[in-house]
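6 protein chains.
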Amino acid sequence: MMKKLYDYQKDENVNLFLLIKSAEEKKTRNNKPYLALTFQDTSGEISANFWDAKPKDIETFKAGYVVKVDGKREEYNGNPQLRLNAIRLAKEDEPSNPELYVERAPIHKDKMIEEFNKAMFDITNANLNRIVRHVMKKFQREFFQSPAAMKNHHAFLGGLAYHTVCMLRIARSLITVYEDLNTSLLFSGIILHDVGKVIELSGPTATEYTLEGKLIGHIVLISNEISKACQELKIDENHEDVLLLKHLILAHHGEYEYGSPVRPQIPEAEIIHYIDQIDAKMNMMQAALRKTEPGEFSEKIWAMGNRSFYKKTMDIKNNMIASQSKP
Amino acid sequence: MMKKLYDYQKDENVNLFLLIKSAEEKKTRNNKPYLALTFQDTSGEISANFWDAKPKDIETFKAGYVVKVDGKREEYNGNPQLRLNAIRLAKEDEPSNPELYVERAPIHKDKMIEEFNKAMFDITNANLNRIVRHVMKKFQREFFQSPAAMKNHHAFLGGLAYHTVCMLRIARSLITVYEDLNTSLLFSGIILHDVGKVIELSGPTATEYTLEGKLIGHIVLISNEISKACQELKIDENHEDVLLLKHLILAHHGEYEYGSPVRPQIPEAEIIHYIDQIDAKMNMMQAALRKTEPGEFSEKIWAMGNRSFYKKTMDIKNNMIASQSKP
Amino acid sequence: MMKKLYDYQKDENVNLFLLIKSAEEKKTRNNKPYLALTFQDTSGEISANFWDAKPKDIETFKAGYVVKVDGKREEYNGNPQLRLNAIRLAKEDEPSNPELYVERAPIHKDKMIEEFNKAMFDITNANLNRIVRHVMKKFQREFFQSPAAMKNHHAFLGGLAYHTVCMLRIARSLITVYEDLNTSLLFSGIILHDVGKVIELSGPTATEYTLEGKLIGHIVLISNEISKACQELKIDENHEDVLLLKHLILAHHGEYEYGSPVRPQIPEAEIIHYIDQIDAKMNMMQAALRKTEPGEFSEKIWAMGNRSFYKKTMDIKNNMIASQSKP
Amino acid sequence: MMKKLYDYQKDENVNLFLLIKSAEEKKTRNNKPYLALTFQDTSGEISANFWDAKPKDIETFKAGYVVKVDGKREEYNGNPQLRLNAIRLAKEDEPSNPELYVERAPIHKDKMIEEFNKAMFDITNANLNRIVRHVMKKFQREFFQSPAAMKNHHAFLGGLAYHTVCMLRIARSLITVYEDLNTSLLFSGIILHDVGKVIELSGPTATEYTLEGKLIGHIVLISNEISKACQELKIDENHEDVLLLKHLILAHHGEYEYGSPVRPQIPEAEIIHYIDQIDAKMNMMQAALRKTEPGEFSEKIWAMGNRSFYKKTMDIKNNMIASQSKP
Amino acid sequence: MMKKLYDYQKDENVNLFLLIKSAEEKKTRNNKPYLALTFQDTSGEISANFWDAKPKDIETFKAGYVVKVDGKREEYNGNPQLRLNAIRLAKEDEPSNPELYVERAPIHKDKMIEEFNKAMFDITNANLNRIVRHVMKKFQREFFQSPAAMKNHHAFLGGLAYHTVCMLRIARSLITVYEDLNTSLLFSGIILHDVGKVIELSGPTATEYTLEGKLIGHIVLISNEISKACQELKIDENHEDVLLLKHLILAHHGEYEYGSPVRPQIPEAEIIHYIDQIDAKMNMMQAALRKTEPGEFSEKIWAMGNRSFYKKTMDIKNNMIASQSKP
Amino acid sequence: MMKKLYDYQKDENVNLFLLIKSAEEKKTRNNKPYLALTFQDTSGEISANFWDAKPKDIETFKAGYVVKVDGKREEYNGNPQLRLNAIRLAKEDEPSNPELYVERAPIHKDKMIEEFNKAMFDITNANLNRIVRHVMKKFQREFFQSPAAMKNHHAFLGGLAYHTVCMLRIARSLITVYEDLNTSLLFSGIILHDVGKVIELSGPTATEYTLEGKLIGHIVLISNEISKACQELKIDENHEDVLLLKHLILAHHGEYEYGSPVRPQIPEAEIIHYIDQIDAKMNMMQAALRKTEPGEFSEKIWAMGNRSFYKKTMDIKNNMIASQSKP
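Those protein sequence lines, which keep their order, are chains A, B, C, D, E and F. Under the UniProt record's numbering, think of the first position of the first sequence as 1, with each following residue one higher. Under the UniProt record's numbering, think of the first position of the second sequence as 1, with each following residue one higher. Under the UniProt record's numbering, think of the first position of the third sequence as 1, with each following residue one higher. Under the UniProt record's numbering, think of the first position of the fourth sequence as 1, with each following residue one higher. Under the UniProt record's numbering, think of the first position of the fifth sequence as 1, with each following residue one higher. Under the UniProt record's numbering, think of the first position of the sixth sequence as 1, with each following residue one higher.
Just so you know, the hints here were simulated from the structure itself, not pulled from any lab data. Hints may contain errors.
What the hints assert, rightly or not - Taking lysine to any residue and the SDA-like style, the derived pairs with C-alpha atoms no more than 25 Å apart in a straight line are:
| no. | chain 1 | residue 1 | chain 2 | residue 2 |
| --- | --- | --- | --- | --- |
| 1 | B | LYS21 | B | ARG130 |
| 2 | E | LYS137 | E | THR183 |
| 3 | A | LYS234 | B | LYS228 |
| 4 | C | LYS109 | A | SER173 |
| 5 | F | LYS21 | F | GLU94 |
| 6 | C | LYS27 | E | THR183 |
| 7 | B | LYS109 | D | ASP180 |
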């Protein structure tokens with residue numbers, strides 16, 4: 001299999017195809033133009049400076065293009081940087097499709113849809129089933145594109161759907177441990193809990209907060225969508241099951257200080273909060289450890305209290321010591 | 001003028017008409033029945049025990065009736081208590097109308113409506129004007145009945161409307177000091193900021209939280225009403241002025257930890273938060289100081305960091321020392 | 001099936017067998033002796049006063065005896081209280097075994113042992129397997145007796161083992177969702193995480209903190225037991241797997257302020273913290289809701305931020321409205 | 001009207017008179033001397049490097065001089081920077097008065113003095129009136145020069161007086177809404193609340209904390225000045241009105257954690273705290289929004305919880321959409 | 001030696017002289033008069049009810065009198081209470097001096113004065129020496145009477161002076177460990193740090209906060225006294241040594257949230273804060289442990305984070321196990 | 001006496017022997033190699049760039065060598081920097097021993113050992129004496145090398161032992177002020193309280209946290225060593241004195257949020273916490289003030305709430321004004 005960007009060590013020569021994520025024209029203190037580039041593939045990102053860039057170069061190497069890069073992985077102020085020796089656009093018969101270089105959910109959209117359908121089947125409460133179906137239909141396209149967050153966790157194409165699928169999987173096992181949990185409520189709440197993010201965030205690439213996202217927030221946005229769904233479906237908004245579904249959404253951040261206007265007041269609300277936390281944090285730890293050598297500590301994760309995490313040298317599956325060297 | 005309940009000092013004989021606020025049948029440790037009564041007039045409340053109550057007494061003295069009471073103001077565990085000597089129902093030609101004994105907003109409903117109309121006139125933005133008018137029409141009756149809170153501040157009949165009127169008065173002066181403030185937004189936000197409380201609270205007497213109030217909260221409830229108004233009035237919900245109005249409502253608690261899902265992001269939102277604080281706190285301090293003698297400290301106010309407040313001996317208007325004695 | 005204590009409503013006549021949990025001789029203000037009793041069965045506890053208790057009564061009705069009680073459920077200061085009409089000791093042919101009246105884990109000890117054995121089988125790392133086996137053998141008897149906490153959650157006979165079993169069940173499903181998690185570490189950490197409580201707490205009845213429990217705490221106590229196990233089993237204490245196991249124990253409260261001297265630094269440590277939280281909170285909510293009528297809110301749970309929880313009227317299994325009345 | 005510094009967009013050629021705010025002689029890594037300049041006019045500040053500065057240049061272009069500048073507005077690390085093409089001193093017949101380029105209070109000192117006099121007139125309490133007059137006389141000159149803070153809010157020439165005037169305006173309206181408020185106390189407290197800053201801060205330019213400012217703080221400094229005034233005016237320091245005035249000063253930060261040694265214990269103290277907050281925050285928001293385009297968010301304001309604020313596209317006065325383009 | 005009140009165990013008969021600390025006339029629910037008494041000796045306080053008190057009894061047994069009491073130590077709601085069998089006034093030839101029963105500093109006033117004089121001798125800085133002497137002379141009488149706090153620590157006659165002496169002793173040793181510390185500053189700061197309490201508190205018996213104490217607080221009160229001393233002694237208030245002395249006083253609570261308007265900014269200020277903490281906390285722990293049996297935990301101390309403290313069974317001096325029984 | 005690095009002012013020519021603390025090969029943006037050097041002597045550290053370094057230079061000037069440096073003290077971005085004119089290795093007959101340039105405890109190891117022996121003599125409790133002796137013997141060599149912390153306080157060779165000696169000195173005086181304190185416990189606790197740092201930290205140079213240090217922490221590590229000592233010495237681990245010693249260690253950070261798994265529950269534990277704080281903070285303040293001119297404020301100390309400290313101009317010993325100029 002082809003080597004990826006982060007398979008290269010410091011001071012190793014790099015020779016591979018990469019996507020230009022951003023390209024900014026700058027000037028040195030001596031007023032000479034250069035291109036500040038960021039390359040990416042699915043293993044991560046790296047910056048590089050293209051010194052003495054000619055106008056033609058600036059025209060050629062723009063964000064969104066795949067290029068063949070020849071250079072060396074170095075470090076600048078503790079961060080990896082690529083020293084460029086040569087760069088050219090990828091040809092048509094080369095892997096020039098930008099989509100190949102973007103990080104995405106590790107399972108396929110079709111598989112995720114299948115899991116959602118299975119969950120919908122278990123939402124036996126008629127009101128909830130209709131509401132969830134209605135809302136999801138409206139936002140389906142964006143839902144399977146959107147990241148789950150600006151940064152922090154699941155910040156990749158399809159991240160929102162993948163995050164939701166993982167939460168459903170955990171919920172599915174918890175209802176066997178705690179039989180009091182109401183499956184219809186739990187699954188409905190999980191599926192809808194973050195759908196507001198497709199309104200809050202601008203999309204999967206160059207993600208930004210929208211004006212609505214900033215001024216209203218995804219929690220209230222989706223609560224409002226549930227109201228609209230009720231009106232269109234002629235469901236009484238004040239019926240207990242609708243009220244509880246809204247409550248699940250509004251309370252899922254768990255505490256006022258995390259932006260929930262109410263705190264969880266039914267067990268399903270408390271549980272969704274914890275499942276959300278588990279999946280977000282597992283994702284952040286996995287992402288950090290993926291870039292860490294066995295026996296080392298990861299970079300600090302700001303959203304987890306600035307902790308860094310240790311990568312075991314024990315072999316995960318066989319419980320044997322992992323080999324330190326890489327082939 | 002007739003003396004009120006709290007014009008009497010400790011150990012003074014009390015002889016006046018009072019409303020029975022609550023009447024609960026209880027038993028002593030020795031199993032003898034008695035009535036635990038709470039009386040009220042507009043000056044406050046006091047409890048009293050009707051020992052050896054006969055079944056007929058229990059039938060007669062129920063919550064909501066006005067009675068003539070003869071007794072003595074005493075103290076029990078530091079709280080005022082009334083020792084009952086005699087009690088009888090008020091006659092028709094006596095002041096037997098319960099409404100005379102209930103605390104209410106200090107200005108008349110008609111005067112308040114007039115002030116609201118004046119404010120509506122200054123909401124020159126057409127969308128905002130229509131939305132506010134629509135929502136207020138829907139909740140008008142309850143709005144002028146409802147207290148502004150369960151306890152703490154403005155917990156009386158008409159308290160919500162009175163609180164809102166006072167806020168409008170402050171806002172009216174602030175827009176002359178800060179010309180950048182948008183009058184339409186500021187007035188609309190103030191009028192609607194707490195209307196959700198008529199859904200959140202059960203009404204002016206024996207006030208409780210409703211299920212919606214607990215699970216959704218008045219902030220999100222009124223934000224949802226604005227959406228509905230838009231749909232009925234065919235106003236685009238995503239238009240900036242609607243978005244900003246919603247933002248004012250959602251952000252008016254000022255901080256996440258006080259239950260706002262977003263923090264203020266326009267000056268009008270920040271200002272409404274402060275006006276709300278000023279009026280709520282002035283009301284709490286006034287209520288506590290009304291029961292305090294000059295030169296003394298009031299009881300502690302839990303909602304103000306458990307502080308107690310000093311009642312000046314200086315005459316407020318003439319800056320002379322207030323006479324300690326009361327005529 | 002026989003009616004339990006909490007199947008009776010207020011003002012209903014009560015006639016059933018109960019265990020005397022505590023019996024304290026007291027005197028009234030007028031110096032007359034009485035017995036302050038607390039009765040219990042598996043549905044909960046209730047207090048009662050036995051007025052004018054004779055010396056013989058005081059001799060007879062002691063903690064630990066089962067009695068036949070005739071009385072009436074009343075309320076005193078908002079708490080349920082039993083008015084005693086008649087009381088006598090249970091006879092031998094009646095249900096006089098005290099164990100029948102004590103709350104205990106809802107699954108049988110044998111079933112729990114079976115689940116532990118299954119988990120041990122999945123701890124394929126030899127060091128961890130031997131350490132866990134060694135520690136559990138030492139504390140096995142107390143482990144299956146001990147509550148999981150003084151009060152708050154799982155405060156019943158076998159509560160510690162039951163809490164641990166539920167955590168293992170959740171863990172078992174999480175390792176299918178997150179394949180990176182190391183089963184040996186996760187299971188070892190869960191099994192041992194609270195074993196220190198058998199040293200920290202005095203036992204299943206009249207539970208108190210021991211001196212060691214107060215001065216050292218269960219977290220450090222069990223960490224120390226792991227060291228001892230290593231010495232006895234000739235396992236190098238500084239080997240990574242032992243170090244990580246200790247870390248799991250020390251970090252499982254998640255944050256310094258909850259008494260963990262280190263914060264989680266491997267994913268398994270973070271996950272155990274969350275599983276622990278989920279199971280403790282589900283147990284507290286279930287216990288509170290068990291005493292709550294559908295459509296009502298439970299008492300406030302101090303250990304959950306003083307929240308109270310709503311009991312749905314929706315039928316849990318069939319998603320239909322639960323009948324309010326009880327047969 | 002002449003264009004100001006911040007009327008120029010990025011990459012526009014700049015040609016205007018500016019004041020040199022600071023000029024520092026530096027050396028490049030290659031040891032060549034250059035001048036690091038900061039220019040300002042009333043619209044803001046910008047930095048510029050004068051490369052290869054000759055000794056004569058260094059002599060000529062010093063802080064405090066007005067210069068004619070020819071250059072181009074660029075950006076360096078996200079901040080605006082001026083690329084210098086030409087620079088020369090302003091001639092006498094050009095706008096060479098440095099005072100023209102310094103930000104100052106938006107209303108004239110005479111107008112402010114008038115408002116203070118009006119307020120003094122309303123301080124009818126004789127003691128308070130004499131004390132305020134005495135203290136203000138002592139610090140009058142510095143008071144009308146001083147900024148209200150080092151940075152954050154009203155950090156300009158006359159800012160302290162302007163801040164105080166705005167607070168008086170708000171107070172004047174609040175006493176009509178809340179008739180219990182004592183005008184003498186409220187106005188005296190506002191006028192003196194921050195006078196200590198003229199001792200705490202070193203003056204309007206290159207503002208620094210003085211040693212007294214750091215070790216004692218403006219709150220205690222002015223409280224001490226009130227004591228001195230009492231001694232000089234033979235007013236009893238322990239008289240209630242003096243005590244309350246001091247209390248207003250000491251408590252005006254509202255909470256211990258903001259540096260008040262006591263918390264507000266009379267309504268006037270609570271109200272001054274809020275008026276102070278409102279005016280400080282309005283000033284910070286206005287300053288940030290002045291540099292923001294309609295439809296955009298301002299830079300983050302650290303002193304307001306790191307929030308950024310949205311600049312409406314609605315026309316403030318006419319409630320119409322503001323034109324995005326600038327003439 | 002005569003047995004003291006707290007040498008008696010529960011249910012033991014008590015027969016000894018006690019001071020009446022307070023005597024309040026009350027009525028039972030059945031309207032019968034009784035006297036609610038609090039007795040004290042140097043070992044502590046206990047309450048007792050004198051049932052069916054005759055008017056003559058009420059006349060006789062007033063606060064401030066010493067009585068001979070015959071009764072039994074019992075418990076009521078977990079607190080010790082005395083059941084009275086007989087009570088009479090102490091005769092002249094009996095230990096009838098009330099001063100014998102009041103808790104006071106464990107060392108004599110003369111000894112304390114001696115230690116202060118020794119400290120004054122080490123304040124070699126002339127300004128500081130004169131200021132401290134001046135202030136202490138003014139408040140000397142109250143200083144040696146006053147408690148150090150309302151409750152919490154050193155709440156006894158002479159407690160303030162004793163607390164200050166202990167702090168001087170610690171300071172004396174710290175200057176040998178840290179030679180950089182300035183003796184003049186350190187000793188001056190300690191001697192004056194709490195003198196403001198003689199203005200803040202109403203005196204050694206029935207201690208209350210004064211109006212000045214509440215509105216200004218002892219920290220600012222004594223800072224103001226230093227200013228006055230300077231004026232009277234013609235010392236320049238802005239001289240560095242005076243400024244630093246004031247800073248020591250203002251900063252000695254260590255943090256804003258504990259009421260210091262500035263935080264420590266010289267080492268002496270930081271150190272005084274810690275010495276103050278050590279002595280206050282040692283005093284609180286000693287007081288709590290004095291009432292605790294070896295091998296038991298004390299009552300919880302609210303001012304120390306609600307912790308309770310363990311009383312060692314080890315003999316303090318000889319490191320042997322203390323005998324549990326008391327001779 | 002020879003001038004040290006920090007005796008030189010800005011822009012002064014520097015000519016002295018220094019130790020190379022670190023030497024890193026770097027490249028300019030233009031790809032030219034240079035050496036980024038850090039020099040140190042006992043007065044502090046300074047950085048310098050050796051431009052156009054030849055391969056031979058890079059070979060010669062390595063960390064650990066003493067060099068003769070000729071240059072000029074300048075400033076770069078507010079930090080001192082050395083401009084290099086000439087550099088050569090120190091010769092054998094010059095002060096070429098690296099140990100002469102490293103900061104170390106201000107008193108000699110032998111003197112410290114003497115103080116420890118004196119303290120051991122006062123630990124009259126046999127168990128404690130044997131345990132402390134046993135643990136100290138095991139870690140003696142590292143103990144006298146180790147710093148007391150990574151950075152912050154006592155971060156120098158022998159810092160841990162010196163910190164401990166200072167704490168013993170303070171403790172020795174406190175036991176004369178508070179006679180209840182148990183000397184054996186107090187001294188044992190102090191000696192062992194931070195010994196875990198020799199396991200937690202990697203050593204005196206290039207100090208890093210070890211894996212055990214990160215995952216277990218020095219508090220639990222030393223608690224475990226006490227257990228091991230007990231096993232080897234056949235002392236019962238559950239004996240009260242051992243339990244209390246462990247408690248002292250575990251509780252010495254004072255609060256959960258500082259990493260103590262239990263809070264102090266005996267006076268000795270509380271006192272050790274405060275002594276530790278005093279010595280750590282005195283050390284940090286001294287270190288910061290050593291680099292500060294009289295009349296100036298030090299740099300901010302992050303570990304002390306980001307405060308900066310004022311360096312008095314008063315002469316410490318004679319209380320006279322220190323001369324600002326330096327000979």
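These are the hints, each one checked on the structure:
1. LYS21(B) to ARG130(B): Status violated; Cα separation ~41 Å.
2. LYS137(E) to THR183(E): holds (21 Å)
3. LYS234(A) to LYS228(B): Given that 25 Å is the threshold and the Cα spacing comes to 14 Å, the pair holds.
4. LYS109(C) to SER173(A): holds (23 Å)
5. LYS21(F) to GLU94(F): holds (18 Å)
6. LYS27(C) to THR183(E): violated (61 Å)
7. LYS109(B) to ASP180(D): Measuring from Cα to Cα gives roughly 22 Å; hence the hint holds.
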